[in-house]
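Colleague: Next come the chains, spelled out residue by residue.
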Amino acid sequence: NAGVTQTPKFRVLKTGQSMTLLCAQDMNHEYMYWYRQDPGMGLRLIHYSVGEGTTAKGEVPDGYNVSRLKKQNFLLGLESAAPSQTSVYFCASQGQGNSYEQYFGPGTRLTVT
Amino acid sequence: GENVEQHPSTLSVQEGDSAVIKCTYSDSASNYFPWYKQELGKRPQLIIDIRSNVGEKKDQRIAVTLNKTAKHFSLHITETQPEDSAVYFCAASKGSNYQLIWGAGTKLIIKP
Chain A
1 NAGVTQTPKF
11 RVLKTGQSMT
21 LLCAQDMNHE
31 YMYWYRQDPG
41 MGLRLIHYSV
51 GEGTTAKGEV
61 PDGYNVSRLK
71 KQNFLLGLES
81 AAPSQTSVYF
91 CASQGQGNSY
101 EQYFGPGTRL
111 TVT
Chain B
114 GENVEQHPST
124 LSVQEGDSAV
134 IKCTYSDSAS
144 NYFPWYKQEL
154 GKRPQLIIDI
164 RSNVGEKKDQ
174 RIAVTLNKTA
184 KHFSLHITET
194 QPEDSAVYFC
204 AASKGSNYQL
214 IWGAGTKLII
224 KP
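Line by line, the protein sequences give chains A and B.
Oh and the first sequence: position 56 is 56 in our numbering, straight run, nothing missing.
Oh and the second sequence: position 95 is 208 in our numbering, straight run, nothing missing.
Okay, chain A solo, but in the shape it has when bound:
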């Protein structure tokens, strides 16, 4: 099993450009999350999904949109990139049941100039 994968690994955008980050998991997990990680600030939840076709806002949703059309994929979109969105983006997934462990992807380093 590949676990949680993210594409791309790195990306440089100019202010105002748009892009989509793809997260895929092969563990049949119901829950999926998008975080951003900035130095000294830990992980902050952008959006999350509790199942196929559902999404919800997290702590810092402004400037981002998400879609979960298939259970295994969770897409994060930036409609008009801003320098403040320079960050490392992590996707995570979690199954139902007794374990609350979140499994993370390898991350995407995004720079907006």
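The hints are simulated quantities; they were obtained by calculation from the structure and are not laboratory data.
Model, not experiment: these values are computed from the prediction.
No false leads were mixed into what you were given.
Result set (DSS-like, lysine-lysine): computed pairs, CA atoms no more than 30 Å apart in a straight line: (1) A:K57 <-> A:K9; (2) B:K220 <-> A:K9; (3) B:K150 <-> A:K71.
With chain A's structure known, arrange chain B on it following the hints.
Modeller: Chain B alone, transformed into the frame defined by chain A:
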């Protein structure tokens, strides 16, 4: 909403000594408290977690303690080794949607 504070931001200990990292949370309804380890350039990985119906949990050299009255929980690492060098994050959550609120992280440095 929930707020999680983590201290210290950097901790340097001699190899073989113990390390303790502390977190406090604000929402008394929080009931799940995991600790994640993130090595440089890698993804966070769960190392231990505790739920509010338990006061302490151990797994070999690591342990977590929870004080619900004071609303704080701590990570204890004994007999530290070079491979323990990493950033450690605490988090807290409540309810059925498993949203985690994260601390800012502690950089643990193990001195040889």
